[in-house]
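There are 2 protein chains.
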Amino acid sequence: MFRTHTCGELRASHQSQSVTLAGWVQTVRKFGSITFVDLRDRYGITQLLFNESLNTELEKTPLGREFVLQVAGEVAERSNKNLQLPTGDIEILVQSFTILNASATPPFTIQDDTDGGDDLRMKYRYLDLRRTAVRKNLELRYAVNRAARNYLHQQEFLDIETPFLIKSTPEGARDFVVPSRMNPGQFYALPQSPQTFKQLLMVSGYDRYYQIVKCFRDEDLRADRQPEFTQIDCEMAFVEQEDILQMFEGLIKSIFKEVKGIEYTESVQRMTWEEAMWTYGNDKPDIRFGMQLLNLKKPESVYRDRTDARALIDGADFKVFDEAESVIALAVPGAAEYTRKQTDELTDWVKRPQIGMKGLVFIKCLADGTFKSSVDKFYSEERLKSIASACGAQPGDLILIVAGPEERTRKAASELRLEMGERLGLRKKDEFKLLWVLDFPLFEYDEDGNRWVARHHPFTAPKPLQIATMIENEPSITDASKYLDHPYAQIKANAYDMVLNGNEIGGGSIRIYQRELQEKMFAALGMDKEEQQHKFGFLLGAFEYGAPPHGGIAFGFDRLCSILGGSESIRDFIAFPKNNAGRDVMLDAPATIDDKQFDELQIRLDLKS
Amino acid sequence: MFRTHTCGELRASHQSQSVTLAGWVQTVRKFGSITFVDLRDRYGITQLLFNESLNTELEKTPLGREFVLQVAGEVAERSNKNLQLPTGDIEILVQSFTILNASATPPFTIQDDTDGGDDLRMKYRYLDLRRTAVRKNLELRYAVNRAARNYLHQQEFLDIETPFLIKSTPEGARDFVVPSRMNPGQFYALPQSPQTFKQLLMVSGYDRYYQIVKCFRDEDLRADRQPEFTQIDCEMAFVEQEDILQMFEGLIKSIFKEVKGIEYTESVQRMTWEEAMWTYGNDKPDIRFGMQLLNLKKPESVYRDRTDARALIDGADFKVFDEAESVIALAVPGAAEYTRKQTDELTDWVKRPQIGMKGLVFIKCLADGTFKSSVDKFYSEERLKSIASACGAQPGDLILIVAGPEERTRKAASELRLEMGERLGLRKKDEFKLLWVLDFPLFEYDEDGNRWVARHHPFTAPKPLQIATMIENEPSITDASKYLDHPYAQIKANAYDMVLNGNEIGGGSIRIYQRELQEKMFAALGMDKEEQQHKFGFLLGAFEYGAPPHGGIAFGFDRLCSILGGSESIRDFIAFPKNNAGRDVMLDAPATIDDKQFDELQIRLDLKS
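Chains as they are written, first to last, in my numbering: chain A, 1 to 609; chain B, 1 to 609.
Just so you know, not all the hints are guaranteed correct.
As the list claims (entries may be wrong) - Okay, derived cross-link-like pairs now, EDC-like style, lysine to aspartate or glutamate, Cα gap no bigger than 16 Å in a straight line: (1) A:Lys608 - B:Glu415; (2) A:Lys214 - B:Glu228; (3) B:Lys136 - A:Asp159; (4) B:Lys81 - B:Asp119; (5) B:Lys596 - A:Glu219; (6) A:Lys608 - B:Asp599; (7) B:Lys358 - B:Asp430; (8) A:Lys608 - B:Asp595; (9) A:Lys136 - B:Glu156; (10) A:Lys377 - A:Asp317.
In case anyone wonders, no lab produced these hints; they're calculated from the structure.
Please model the complete structure; the sequences and the hints are all you need to start from.
Next up, the structure:
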């Protein structure tokens, strides 16, 4: 070893010991004829003192930032203790030193608040990774990994590796494919998830499976998506939904405890998908704060069992509301005193193309119990009072109302709620609120193909009582305009998402395990028998040989880590991430390949431009 | 849950409890009006007893092998206890049952000794995985995984994920490549190992890194190779070779203990590469048994510091030896009584094309101290005695001698030694002998290109004292016939292999961390500056910003598991392996892809045939 101790290890109790340290030069400070150096490694920082005689040597070979240095010396108590540092009680009186490697001046400072821009830091990722802030993120990631493995081990899960070179069965997302040299003209695909393999492992009797595993999706990268990402992937046999919910809130609570020291003792709150959409406009609501939506008006075709509050706004001859498909309100606490400038700014905010509303209606609930609104012309004080009351608004609150087509308006209301929560400081980084969202629709309607698509994936089972509905009805949609009347539109999935602070961190389902039902599902998605056999023959085959009831879940590991680390960006929690164009800027990959490689793979380019 | 207990859990102490079990029907045995069923899951087998009244029901819906069954009943003590089974004291008096899923008759029996051939079992891998023998292999694999992680965690290693979509830099093996849709005309490569990334992590100060990670090589598959395989990949900063040897024999000993209950307390034996080649003909000798080689003759050009024993055979006018480049002997204990038939068979064995010898010379060391040989005409009793003595042969032993070109003969002697060890039962599956092989040559000579290739990989450092030799000499070889005289031929790598029972289970090296030396290495391998910059510019760049001394190792996880499991085949330890043509027979992958995929990737086929 090049050292006897790390740079984070020495304390006053080591006084007078002879030690050897190795690490990076963080700072060099000269005071007359002596020099102080802060030496850094993963474990900490230790102060070195070079005396007069060594200083002469130092002048011959000056130390720069990020030089790799080895020193031998004696541990001494500092006169000037640094209480900020665990090693702050001591310093090393250097007796000899060796420069193990020099360093050019880094293109940005290796500090928490670096002066490096994003591109520069990506190109020199190996330097960016030196910053304490980034290192702490990767250490947290490892702690989450370790905590998850320990919990799953205790619960008798087995880590079983599934293959990376599999078959392309493009359903939702695009596959990355890999040309096979040994099988010319054929391709492997990289897995979008180990879904079918973990199901086969249940068929094989492995009972409890997990893996922390890379998955791949060739999608156009929205902000903060990566073409390769990591899942905590789990599956259990002989379970019902309730068993999965219990097991995996246990997992997340265990991670909270091990990694963050948080005792999350209460049961995780549960909400149906419909409740979430109705009350928060969103299937992954952030429940750290209230501001629930008041549905003043909704179209008949959706949320059929829900009643809107249209009596509160009807008959006022206010065209904006009368002509809108949906009208949704929410009460922002304590915002009644917003100035005209502030409300104008909010109006501009909802008019941005990302939100797409035509305007915003305000009702200020003044402290004296009176109301002031942008629709005073249409609504009496009494009617405003009724709306405020239905919203749960208190004096001092500001009611915001959006109106327009159902889908867009609901999304806008949800975004507005989140934005106001953010502005009011209600989305605290150090508060963690879990939520199970349940009872998703099994199918979504695909307008282009006038057919069903699986909301989750084609292996998700319907609720047990709805299996008959699915088997007994034909999936074809005769009248596209009335697709919501089709029995399939009412089938709920036996599926669940785990939501943390408004982010979906995990999702899963009880799976189909009967061949007949699986075939019906494939047929509903527009797959004929031949295609079913080509793509999923192995799975249909497996279901013939004693497949047990089973279900599972997968957690987005990158996202989970970033939320626990209090960051918006998953890239900060990935050692070598790619940029939005799917490039590794440091490697300069992807790149061209040699003619020999094309030749061996028996493919060639067919560039369009 | 579909069960209250697993099929491996119930004991006499559970007597009279009401329980629910779920699992697979292993056997059905009818005795008059009652039926016994063995119900199986991952945890064990439990006997079920269906009484007369249930029997009527059973007749309506007969149970077959591999049906998935749920039963409720009461635990009862058996009159006829089965001492072979942990649950053998009890049986379940079934009160009600549900067939959760039926099963077609499996194409082979789900038993340890199955009647299924290799191809059939691969196609129905999900059924093969049900066999206890296969399940135990995957459980052992998980135990090794767990033990490795625990040890490395204790030693402060961090599991840090490295990317799978990287840049193609084909050096030794071929890369699998992945066309990039977002960057048309460009390709990612799948990593052959995370080598450069783990080195960058050392440059970034992570100090101790590990990963249990998939790697990919597009090679023609020899028996028992897989295109995707798993490594325990490790790297440490501020270390010398000795630190690595200590750390990682600790790892393997810890795995032995946790997984096999073996206390491997002695230090792992060490041997130089030259010693291994000289004494065993092999760089990964199986040291569970002796039978060391006697080098009777070797060419001058190799093993220059070694002396052969040619005096023992010279001057006898025996052309086979006189004309051979190399002559190597070994003494097989207790085989002097081999019959003519047996020695003929051995001669045939060495003449097989895989071995390639022209013949085999025998000396029988008879029990009475006399000798009988196939070369009596050329060698006197006294000379035979000298050879026997130099071989360490005892009365009763059989000396075998091969002669021919150096490389082929040494390999033949090694193969012969292993074969005889096998025949004599000296290679015991339950005996584990570790060995470090050290001081490999840094370079190998490539005849075709008349240049050097890296024996390990281009990042391996030479021995510290030979760095100067490498820097100060030009790599070019002027006279191909005298390449062994080039100073580079004598440079030893600061590298090490760990060998277990004659298998290389791990290998690594101290790395180059100085830009100048790395550039020299690349140049020695025939890479010009431009190519160096294109392929490894990021690494050369990293070495300019304070790279610490570092080194590491990677273990072949599949192989390690198979040896610990006492199997010859790594496939038995992989859940979903590929066959020798790189195909997943169950998935039927690789396969063709859609026109849409070609179109999006902007590539097309260019088939030769």
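Verification of the supplied hints:
1. A:Lys608 - B:Glu415: 56 Å, violated
2. A:Lys214 - B:Glu228: With a Cα-Cα distance of about 14 Å, the restraint between A:Lys214 and B:Glu228 holds, given a limit of 16 Å.
3. B:Lys136 - A:Asp159: Distance of about 13 Å is within 16 Å: holds.
4. B:Lys81 - B:Asp119: Since the Cα atoms of B:Lys81 and B:Asp119 sit roughly 39 Å apart, the hinted pair is violated (cutoff 16 Å).
5. B:Lys596 - A:Glu219: Holds - the C-alpha atoms of A:Glu219 and B:Lys596 are around 15 Å apart, at most 16 Å.
6. A:Lys608 - B:Asp599: Holds, at about 9 Å.
7. B:Lys358 - B:Asp430: 36 Å, violated
8. A:Lys608 - B:Asp595: Roughly 15 Å separates the two Cα atoms, so the pair holds.
9. A:Lys136 - B:Glu156: 14 Å, holds
10. A:Lys377 - A:Asp317: Given pair A:Lys377, A:Asp317 holds - Cα atoms ~10 Å apart, limit 16 Å.
When the structure is compared with the earlier hints, violations turn up for hints 1, 4, 7 and for no others.
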